Amino acid sequence: MSELNIQETTQYRITELMLVTKFGYIDIKDKFEELNIFDSMLNQSMSGNILIRDAVGLSEQLLFDGSEVLIVKIGKDEDELMIKKSFRIYKQSNRVPVNQSSEIYVLHFVSDEYIFSLQQKVQHYYNLTYSEAAVKIMSDYLGIKKFGIYSSSFGVRNILVPSLEPLVALQWFATRAVDEKQSPGFIFFENRLGFNFTNLSTLFSFPSLTRVNFSAKNISDNLGEEFTGARSFEVITQNDFVRNTKSGVYAGKLIAFDPLTKTIQEQQHTFKEMYEGSDHANKNPNVSLIKNRGGLFQTQMFESRIVTYPFFGNRRNSDFIKENYPTSVSLDEDTENYKFQREAIFQNLFSKRVKLVLPGNFKLSSGFCIDLDVPKRGVLADGENPFDSSLYGKYLIVATRHIIRPNMHEVVIEAVTDSANYKDKNNNTVFTSTVDQEKAANYNE
Amino acid sequence: MNNNFYGMWIGTVEDRNDPLKLRCRVRILGVHPESRAQVPTEALPWASISCPPSSMLSQMMPKEGDMVDGYFMQGNPDFPVVTGVIHGIRLEDQNRSIGFNDPRTKAQIDAAPKTGGDVVYPGRALGAPSLPYVGLENLTLLKQTTIHRANQNRKHVCDVAGLMKRSAALARLKFSEIMDSIRTAIKAVLKALGLTPSGETSYWIEQAKKLARELKDIARKISEIADLVTVIVDFAKRVRAMIDFILGLPAKLYALLKQCLAELIASLTSGFTELFSLSGKTDFSEAIAVFNDIKKSAGEVYTAGLKIVAAPVAIVEALTTPASASGVAAAGETLTTYLSTVNPTSTTTDFTKFTTN
Numbered sequence: 001m002s003e004l005n006i007q008e009t010t011q012y013r014i015t016e017l018m019l020v021t022k023f024g025y026i027d028i029k030d031k032f033e034e035l036n037i038f039d040s041m042l043n044q045s046m047s048g049n050i051l052i053r054d055a056v057g058l059s060e061q062l063l064f065d066g067s068e069v070l071i072v073k074i075g076k077d078e079d080e081l082m083i084k085k086s087f088r089i090y091k092q093s094n095r096v097p098v099n100q101s102s103e104i105y106v107l108h109f110v111s112d113e114y115i116f117s118l119q120q121k122v123q124h125y126y127n128l129t130y131s132e133a134a135v136k137i138m139s140d141y142l143g144i145k146k147f148g149i150y151s152s153s154f155g156v157r158n159i160l161v162p163s164l165e166p167l168v169a170l171q172w173f174a175t176r177a178v179d180e181k182q183s184p185g186f187i188f189f190e191n192r193l194g195f196n197f198t199n200l201s202t203l204f205s206f207p208s209l210t211r212v213n214f215s216a217k218n219i220s221d222n223l224g225e226e227f228t229g230a231r232s233f234e235v236i237t238q239n240d241f242v243r244n245t246k247s248g249v250y251a252g253k254l255i256a257f258d259p260l261t262k263t264i265q266e267q268q269h270t271f272k273e274m275y276e277g278s279d280h281a282n283k284n285p286n287v288s289l290i291k292n293r294g295g296l297f298q299t300q301m302f303e304s305r306i307v308t309y310p311f312f313g314n315r316r317n318s319d320f321i322k323e324n325y326p327t328s329v330s331l332d333e334d335t336e337n338y339k340f341q342r343e344a345i346f347q348n349l350f351s352k353r354v355k356l357v358l359p360g361n362f363k364l365s366s367g368f369c370i371d372l373d374v375p376k377r378g379v380l381a382d383g384e385n386p387f388d389s390s391l392y393g394k395y396l397i398v399a400t401r402h403i404i405r406p407n408m409h410e411v412v413i414e415a416v417t418d419s420a421n422y423k424d425k426n427n428n429t430v431f432t433s434t435v436d437q438e439k440a441a442n443y444n445e
Numbered sequence: 001m002n003n004n005f006y007g008m009w010i011g012t013v014e015d016r017n018d019p020l021k022l023r024c025r026v027r028i029l030g031v032h033p034e035s036r037a038q039v040p041t042e043a044l045p046w047a048s049i050s051c052p053p054s055s056m057l058s059q060m061m062p063k064e065g066d067m068v069d070g071y072f073m074q075g076n077p078d079f080p081v082v083t084g085v086i087h088g089i090r091l092e093d094q095n096r097s098i099g100f101n102d103p104r105t106k107a108q109i110d111a112a113p114k115t116g117g118d119v120v121y122p123g124r125a126l127g128a129p130s131l132p133y134v135g136l137e138n139l140t141l142l143k144q145t146t147i148h149r150a151n152q153n154r155k156h157v158c159d160v161a162g163l164m165k166r167s168a169a170l171a172r173l174k175f176s177e178i179m180d181s182i183r184t185a186i187k188a189v190l191k192a193l194g195l196t197p198s199g200e201t202s203y204w205i206e207q208a209k210k211l212a213r214e215l216k217d218i219a220r221k222i223s224e225i226a227d228l229v230t231v232i233v234d235f236a237k238r239v240r241a242m243i244d245f246i247l248g249l250p251a252k253l254y255a256l257l258k259q260c261l262a263e264l265i266a267s268l269t270s271g272f273t274e275l276f277s278l279s280g281k282t283d284f285s286e287a288i289a290v291f292n293d294i295k296k297s298a299g300e301v302y303t304a305g306l307k308i309v310a311a312p313v314a315i316v317e318a319l320t321t322p323a324s325a326s327g328v329a330a331a332g333e334t335l336t337t338y339l340s341t342v343n344p345t346s347t348t349t350d351f352t353k354f355t356t357n
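Chain order of the listed sequences is X and D.
Final position of the first sequence in the working numbering is 445; the numbers increase by one with none missing.
Final position of the second sequence in the working numbering is 357; the numbers increase by one with none missing.
FYI, nobody ran anything at the bench for these hints, they're computed from the structure.
All of these numbers come straight from a predicted model, not from anything done at the bench.
Each hint should be verified, as a subset may be incorrect.
[Unchecked claim] Computed cross-link-like contacts, BS3-like style, restricted to lysine-lysine with a CA-CA straight-line distance of at most 27 angstroms:
{"no.": "1", "chain 1": "D", "residue 1": "K106", "chain 2": "X", "residue 2": "K262"}
{"no.": "2", "chain 1": "X", "residue 1": "K262", "chain 2": "D", "residue 2": "K21"}
{"no.": "3", "chain 1": "X", "residue 1": "K376", "chain 2": "X", "residue 2": "K322"}
{"no.": "4", "chain 1": "X", "residue 1": "K322", "chain 2": "D", "residue 2": "K21"}
{"no.": "5", "chain 1": "X", "residue 1": "K181", "chain 2": "X", "residue 2": "K283"}
{"no.": "6", "chain 1": "X", "residue 1": "K85", "chain 2": "X", "residue 2": "K146"}
{"no.": "7", "chain 1": "X", "residue 1": "K136", "chain 2": "X", "residue 2": "K91"}
{"no.": "8", "chain 1": "D", "residue 1": "K63", "chain 2": "X", "residue 2": "K322"}
{"no.": "9", "chain 1": "X", "residue 1": "K423", "chain 2": "X", "residue 2": "K291"}
{"no.": "10", "chain 1": "X", "residue 1": "K363", "chain 2": "X", "residue 2": "K73"}
{"no.": "11", "chain 1": "X", "residue 1": "K322", "chain 2": "X", "residue 2": "K283"}
{"no.": "12", "chain 1": "X", "residue 1": "K355", "chain 2": "X", "residue 2": "K84"}
Given only the sequences and the hints, what does the whole structure look like? Please build it.
Right, dumping it as structure tokens:
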């Protein structure tokens, strides 16, 4: 980033910040106190809010009836470090008087696609893969021309969208789509690239956007290094064993049933099988093995989570069905491939989540990876790895908040990972509990 | 994420021709669109049928155009389950060009399986549909009986007795009315004949008109009675067929149904007896005497009325007599003879009157 022409890392340039109303364009560059722009892998679309200090009676003149559009074109000095997008203003917060001549209020905005989506329902039949159907909905129902990252899902299905808003339908597709390895890690979300229908393996396969350093600030002349330096770092969640167990991260079973073939089938799922179904950011899994007092590892405890759900899989084994209704068996939903696994995979993904504050950088957006060089705490011995092995590595950005104030631009990032780079002293990548630990667990007896 | 697929839904059956003979396709309100261009009937998911465990009729497949309710199994919209058919009064004709209506053409409706078809699945072989035992085609009555094929234990065959009693009571009421009318008519005729003609043409014309009106009314009521007789004859035919059926059963089952048969015959006898038990008498002499009186005044009325009296007598005799297979055969011949002479065209039983189509 040394090619940047800006003088300070939080500097930015507003090219356009305008309200488009029934009365025309209104420039609000000098009227805002703070502009926040959010994107998240867990949300269908981008959104934000802008705090206005109004000393000209703007609110009274414009009514803010939901028809207003906010045009944003803000950047550093490269195209890729710029956000250029229009949003619909959908709500005005309480108007708080500051003094006799001015007031402040917040205008909330969201992508126009979101508003358009709210006004429709998809009740449509597709004989396509979920990813192909997703493209159809994006173009046919939402008029989206700017697609982001796209990954193909596996298998043509009979898809009948049951009266869902287009964006909800796309998320619904993502929950049911599986890749070629039958792994259900698909997600649908909007980021700075546009709308994305992709899976975790694809996102993890991209190289990191940047390497975030944790060096001391204001001691380097290298603006690029300052630009990628974390101003704040916090571990939000890390390895909640109880929650992971309840979510089936380690093990569980699906009791799949089909009244048509009168079959009940129990499928056991283990961490290994689910983990190996997709690619990951780092080399090693983030789960260690802990033996319980029954002498079994948590990955062998299949009653940790039990899901009961209808499935169609056994119909392929019925000669009667194959003979009388052969076309049905290849197009039926494969609920057994996603119903249990999806929650476990995403719970594990979110089990390690960190929050960072970086100098404003529009390149950073949900769905991209970054490397975190989290330093080790304490005094380093000679030749010791300077990074905290429990934290450093590649992370996936799941949410960003760009905070733009008249005098600075920062970005708050939430990033997650489901893998790690650590090894134990014997160079093992997966830890197992020790005899001492097992004894300690039974200490009371 | 909208996951609002729990709870009950309402929909319309659009297809029951499941290749697996077990399910139907339902267009569900609020979930599927009205437009068949958008979602054709063939794209609707197959809905399983959930039946009450103890009802004979529970295994009947809803038909196209029926409004049904149900739920999505575990909230999965690919897996609808129909729990019931909601009956009602249709105000508008079906519009087959849009959803939520019976999509079939008249030819398809005519060609659709009806009650009375053949059994398709013989048993509970592995790999073949088991429950419901009765697919659409199996929704039939045993030939010429009210015994439903789904009724594996042959229960409820005495239902016909209740129907007989109700019909007999109705017929008795109507018959009482007609007898009153006939008496009134006879009085009018006799009164007219007892007067000396005075040459007043207008008076006779008036009397003739009055007589004509009375006779017309009588003819209409006799016509109604004739319809009822046809119904009774149908019942009698069924009873007769049931006798055939029962006599053909193994001894054990015969014993099981013996009581049922006894009640049927008793009901039949009672029904006809009550039908003609005017003025508390149990013979038909008064009725026949009345018709003889009418014969003098109105030949047309006599002809129709005599049929009414004669037919049930023959039937009751035929059906109460048999106690063996040969007796049944004889009764059958009597019945056949009667039916061929009285009203050959109306003897075909329309079972749809008594069963759900």
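A quick look at each hint next to the structure:
For the hint pairing D:K106 with X:K262, the CA-to-CA distance comes to about 36 angstroms; that exceeds 27 angstroms, so the pair is violated. Of the pairs offered as hints, the one joining X:K262 and D:K21 holds, with about 15 angstroms between alpha carbons and a cut-off of 27 angstroms not exceeded. Among the hinted pairs, X:K376 with X:K322 is inconsistent with the structure: their alpha-carbon atoms are about 61 angstroms apart, more than 27 angstroms. With a CA separation close to 14 angstroms, the supplied pair X:K322 and D:K21 stays within the 27 angstroms bound.
For a cut-off of 27 angstroms, the pair hint linking X:K181 to X:K283 stands: about 19 angstroms separates their Cα positions. Only pairs whose Cα atoms come within 27 angstroms are accepted, and X:K85 paired with X:K146 is accepted, the gap being roughly 12 angstroms. For the suggested pair X:K136 and X:K91, the alpha carbons sit about 30 angstroms apart, so the restraint of at most 27 angstroms is broken. Restraint check for D:K63 and X:K322: satisfied, since their Cα atoms lie roughly 25 angstroms apart, inside the 27 angstroms limit.
Proximity of X:K423 to X:K291 is assessed by CA-CA distance (about 19 angstroms); at most 27 angstroms being required, the pair is judged to hold. With a C-alpha separation of about 14 angstroms, the suggested pairing of X:K363 with X:K73 holds against the 27 angstroms cut-off. A hinted pair counts as satisfied when its Cα atoms are at most 27 angstroms apart, and X:K322 with X:K283 does not qualify at roughly 44 angstroms. Proximity of X:K355 to X:K84 is assessed by CA-CA distance (about 25 angstroms); at most 27 angstroms being required, the pair is judged to hold.
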